[in-house]
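Required output: the full structure, derived from the provided sequences and hints.
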Amino acid sequence: MGSRDDEYDYLFKVVLIGDSGVGKSNLLSRFTRNEFNLESKSTIGVEFATRSISVEGKTVKAQIWDTAGQERYRAITSAYYRGAVGALLVYDIAKHVTYENVERWLKELRDHADQNIVIMLVGNKSDLRHLRAVPTDEAKIYAERNQLSFIETSALDSTNVEAAFTNILTEIYKSVSNKHVGSDRQGYGGGGGTIIPAPPTEPPKKQCCNS
Amino acid sequence: MSGQLAKRWICLRQNELEQMSRWSAGSTPGSVKPVYGARYPPLQHASPTKGADIPGRISKFRDYENSVSDAWDTRVKVDETLASASAAKVLAAHAAGKTTRDEEIMPPVSAAPTKNSRQQALQRLAIQKEPLPSSVSATPQTANPIYPKLPEISDQPRSAAPIASAPPYGGDRDQTRFARLRRLFSNGKSSGRSSPPVDVDLDKLREDCWMGIPHKLRPQAWRLLSGYLPTNAERREVTLQCKRDEYWHYVEQYFHSRFEDQNADTFRQINIDIPRMCPLIPLFQQKMVQEMFERILYIWAIRHPASGYVQGINDLVTPFFVVFLSEFIPQDVEVGSFDVSQLPLEQCQLIEADSFWCVSALLDSIQDNYTFAQPGIQRKVLQLRHLMSRVDRPLHKHLESNGIEYLQFAFRWMNNLLMREIPLRATIRLWDTYLSEPDGFMQFHNYVCAAFLRTWSKQLQAEKDFQGVMILLQNLPTQSWGDREICELTADAFSLQSVFDGARRHLSAQAASP
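Order-wise, the sequence lines are chains W and P.
Once you know that position 8 of the first sequence is 8 in full-length UniProt numbering, the rest is easy, because the numbers rise by one and skip nothing.
Once you know that position 58 of the second sequence is 58 in full-length UniProt numbering, the rest is easy, because the numbers rise by one and skip nothing.
Keep in mind that the hints were calculated from the coordinates and are not lab data.
Fair warning: there could be bad hints in the mix.
To be verified - From the structure, some residues in chain P lie toward chain W, with a derived Cβ separation under 8 Å:
(1) Arg276
(2) Gln311
(3) Gln374
Stated by the list, open to error - With the C-beta cut set under 7 Å, the calculated list includes, among others, these residues of chain W facing chain P:
(4) Ser20
(5) Gly21
(6) Glu39
(7) Lys41
(8) Ser42
(9) Ile44
(10) Gly45
(11) Phe48
(12) Thr50
(13) Gln70
(14) Arg72
(15) Ala75
Note that CB positions come from ideal geometry on N, CA and C, so glycine has one too.
Printed below as a string of structure tokens:
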């Protein structure tokens, strides 16, 4: 199965975090396999998936780690923030408590993730219009104040899912191509940096680091 | 069919064949030799393929020999009794596999009634995965019921045995074993039979249950093996009544507190998880069943504040629930689609209370899996890694060189006791064995995980990058697993335990570094 989409210019590790039941796993399956599972099982620990997209003519491969939402798992899942260059912080627009907890998740990231990590606030389940508990404007203002990008998605009807991932990957790509983080190549298998621009000549294969 | 199976065995078991050669050549654990010889009957089928590859084979032997050599240096004594018990079990495992009990364990059932067919179709679509290219799952997937039904008596001649030349003693073994179990659980009224003993010998019971329990006897056997039901027959009724009353007393005492501030998070989490539990089994979508689970999980959580409710614990209730429910369901009805509201209230209450006490006993033995930072799981994942570096070094190296950390996939194996990796009916069959092991869920599980991982050694090593290995590890093709696979798995795990359990020092940190 390996050789299908091995050709890429950049490999970005992105984590999906947020409260239990907000739809992280379905965002991931919608983006990577175009699938939605009405009653998917709860995620235990972390789960992994990947997809490549094109950003400004470059192939960017996203290696996405879906984490379990329950508090008890934080000690385990926080290990997966290491080396992540992007985080989708997901809440449920129909459950206000999951939005209130965004603050705690930001603290998690500040404590465990790279300080340059690109964070996108994602209000999921936008299809539940009649049940909305978090106004779009409120979340938008909150995101601006905390320098997060913001989007509302529906994994169920696919709204904005593609856009959410494309936006964050583009944002990461831009910050990488500006800053040139290519030296950050240590930590193979140990959770080190994951932004790996390919060397210009040889085909970029298996030079990534998977933490 | 039989050819495919044989091929699959060959493919899966090449590692063991190599190890067998190492062990039969070496002198130390000599008694293990017949075990492996017996367990992997397709030796003669394997030899042509293997013969073509002798140099590679030898170097692999050497690798393996090097990796375990110090295990023998420190004069590990192989326990004769253990080894012969291992041999007996593995022989029996082989015999069991040979008789293809599958048809009786997994009888064909009509499709589950659909409450909401569109939703279910969507779900099925959603979880359908592309077949993994390297998958060896040769058995076509049929409609498998969730409940494993071991035959009452396996006396019919079986066809399609994968190894035609194997001796036919497996059926006899099962028969005598089942006969002993039936006598044990009979009420003594049947004509011409001696009445069951007043005291059940738990060790003997474990021995007879290890290879799988006939489904009719399973509920009572599980209660005994869980330590819930007293071994003394005279105390059983009283104790059961007391315990069941006690549970309902807890419900009365605690359940109303679920909306109070300090408990609301716990109950909210339970509420989020229950509808997501076994989403494709209609049984668990019934409101009444979900309410039973709410009580079981909430009462347990409230009474165990050190861990509280942790996602995954809900899964662990399901085997008990299904087994105790099966006691009240006509044999030809599929448990997974049974409408629980048809049962009288007292039977539902009994199922709920018994599930609570048995899952409590199970969780008591693994509670540090769920306390803060989950130290039990971290320790077990580390042990698994060390064990794998000993028993399948090529695979271990392959994982490590691709940057795979054991925690990334084995966390779930430990947290949910492999329940997410195999179908529910296989889990129930596996728990026959876990409950029959003195330290099944705590200790033996780790050897089962090692055996499970090396089952996929070939396919995993065929994946050439992190992504390929990881995706395969998360979606191992076990959909068709049943009794046979669990027999193989547990026999392999038992052998590993026999070899390594007396030498745990070898699984300590210094052993693992590549």
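Here is how each hint holds up against the structure:
no.	hint	in the structure
1	Arg276	holds, 5 Å
2	Gln311	holds, 5 Å
3	Gln374	holds, 6 Å
4	Ser20	holds, 5 Å
5	Gly21	holds, 4 Å
6	Glu39	holds, 4 Å
7	Lys41	holds, 5 Å
8	Ser42	holds, 5 Å
9	Ile44	holds, 4 Å
10	Gly45	holds, 4 Å
11	Phe48	holds, 5 Å
12	Thr50	holds, 5 Å
13	Gln70	holds, 5 Å
14	Arg72	holds, 5 Å
15	Ala75	holds, 4 Å
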